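Visitor: Please take these sequences and the hints and turn them into a complete structure.
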Amino acid sequence: MPRTRSGITAFAVACLTICGTVLAQGKPDDGLAVGRQMLAEDNPGDLWIDRGEKLFYEKRGPKKASLEKCDFGLGPGKLEGATAQLPRYFPDTGQVQDLESRLLTCMVELQGFKREDIVKRAISPAGSSGSDVEALAIYISSRSNGMKMNVSLSHQKEYDMYKAGEYLFYRRSGQTDFACIQCHGEANKRIRLQDLVHMTDKKQIQEVVSSWPAYRGAHFVVRTMQWRLYDCFWQMRLPELNYTSDASIALTTYLHYQGNGAVIRVPGFKR
Amino acid sequence: MKKAWFKWAALSVPALIAAGCATFPDQATTRQIAEKMVSESYSAPTPALLKRLVQDKSQQICSKIGDAKLTQEEAAEVVKLARASIQYPESGQLVGDWKVGDKLAHDGAGDRIQFGRLEKRKENGGLCQNCHALAPGEINVGNVGPSLTGYGLQRGNSEAVAKLTYERIYNGWAYAPCSNMPRLGATGHLTPEQITHVVAYLIDPASPVNKK
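Top to bottom, those sequences are chains A and B. The opening position of the first sequence corresponds to residue 27 in the numbering used here, with each subsequent residue numbered one higher. The opening position of the second sequence corresponds to residue 249 in the numbering used here, with each subsequent residue numbered one higher.
Worth flagging that the hints you see were computed from the coordinates, not collected in a lab. Since the model is a prediction, treat every value here as computed from it, not as a measurement. Please note that a few of the clues may not be correct.
[To be verified] Computed cross-link-like contacts, DSS-like style, restricted to lysine-lysine with a CA-CA straight-line distance of at most 25 angstroms:
id, chain 1, residue 1, chain 2, residue 2
1, A, K228, B, K317
2, B, K317, A, K215
3, A, K215, B, K312
4, A, K146, B, K299
5, B, K312, A, K228
6, A, K183, B, K312
7, A, K215, B, K299
8, A, K140, A, K85
9, B, K284, A, K146
Guide: Spelled out as structure tokens, the structure:
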């Protein structure tokens, strides 16, 4: 019997050691910060932050409530550093959620909005004044500015999401035979004149995940990570990626975890 | 005493597994989880369009994760499937009109799905310019694929070159299994006739691709 007990103890210690190692973070190396800062100083996306802040504290929806009680993982209303640790598992929904998915949960639960109504308008038309979700997403993200990406994998569903995201990143389908890796697997590649992010390079992946939501010059609106993924699938000729679908959360978990250590500076500024 | 010990073990071991020792799922579980996500995460105006997400055998083989390498057997199977897929135009003529091919090569549109609608066009663009340098001096060209500038100057325009070029566009995996190049004919993105025009654009001595 003592042998069994010590066996279980050893098992527990091994578990904790392994899990602890997985949590170790990459070192930040932010050489592009200067250029980013220059763009950020004159970034029209800042206007969305102000609007998002108003929307966050305003009593809205059928329940006439603000979003001040929304818990993004660090406690109700705690926004500093909140997006740095997303996506993560939330016990109340039993799901791994990214910023936008969690925002939806709060707008439905706290404010009483209809989920379908928010989803329908979440991604705004180019040249419009933008959606509420886009403004809220950039405001909430901006409260993590200067902090380091720090996504952790500890719940089984987080591990599952990460691995599914990796699988999807390499999963080829459709009439172009594309997965993400076909365009994002090498350095210094372009589609026509548009630079492609090298997603298997730690530095470049950090640059990407720490700069969304971003102001997209060609669309004159702030765009989110959900939009970024949606647009890739559109160009790949695949069906439309559903807003905050599991596939979108899986890819975001995979990318954000690899971006750990990057200093968040939003809104980014994109072409 | 004994009973208490069992109770402790029975309670704490699952708790440890749930809270402290979650870990990466194995390959088969990952696949199962991710494929379920694929089936639930996308929408399309018709069920037929949703089928674009379903992988064929070659796509499954060619979706290696990370640094995983294609085995020789897998490569051979992809080549075999690719060879069997290639169909030729009814006319038997593999070299079409380079001027039509020029337009196709610079056309990146067609068949995309947005806001619940399929992009309606008479025919799909060839997408070439997205990834390949074409005529000399063109700036708005990608570099994911190799430069095709001077393609015909380097290779000539013999029947053998025409056939090879046609087949590499129709299904390039017959020569380079699992390469990044889409199997434009085999997946139905381009028709055999369209491909003959792109072939002409690449090998015809009068084509801008082959001007110095």
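Visitor: Compare the structure with each hint and give your call.
Guide: Status of each hint after checking the structure:
1. A C-alpha spacing of about 21 angstroms is found between A/K228 and B/K317, which places the hinted pair at or below 25 angstroms, so the restraint holds.
2. The hinted pair formed by B/K317 and A/K215 meets the criterion: a straight-line CA distance of about 22 angstroms does not exceed 25 angstroms.
3. This hinted pair checks out: A/K215 and B/K312 have alpha carbons roughly 21 angstroms apart, not beyond 25 angstroms.
4. Restraint check for A/K146 and B/K299: the C-alpha separation of about 24 angstroms stays at or below 25 angstroms, so the hint holds.
5. For a cut-off of 25 angstroms, the pair hint linking B/K312 to A/K228 stands: about 20 angstroms separates their Cα positions.
6. For a cut-off of 25 angstroms, the pair hint linking A/K183 to B/K312 stands: about 23 angstroms separates their Cα positions.
7. Of the supplied pair hints, the one linking A/K215 and B/K299 is violated, its CA atoms being roughly 30 angstroms apart against a limit of 25 angstroms.
8. Annotation: proposed proximity of A/K140 to A/K85 holds, straight-line Cα distance about 16 angstroms (limit 25 angstroms).
9. Among the hinted pairs, B/K284 with A/K146 is consistent with the structure: their alpha-carbon atoms are about 24 angstroms apart, no more than 25 angstroms.
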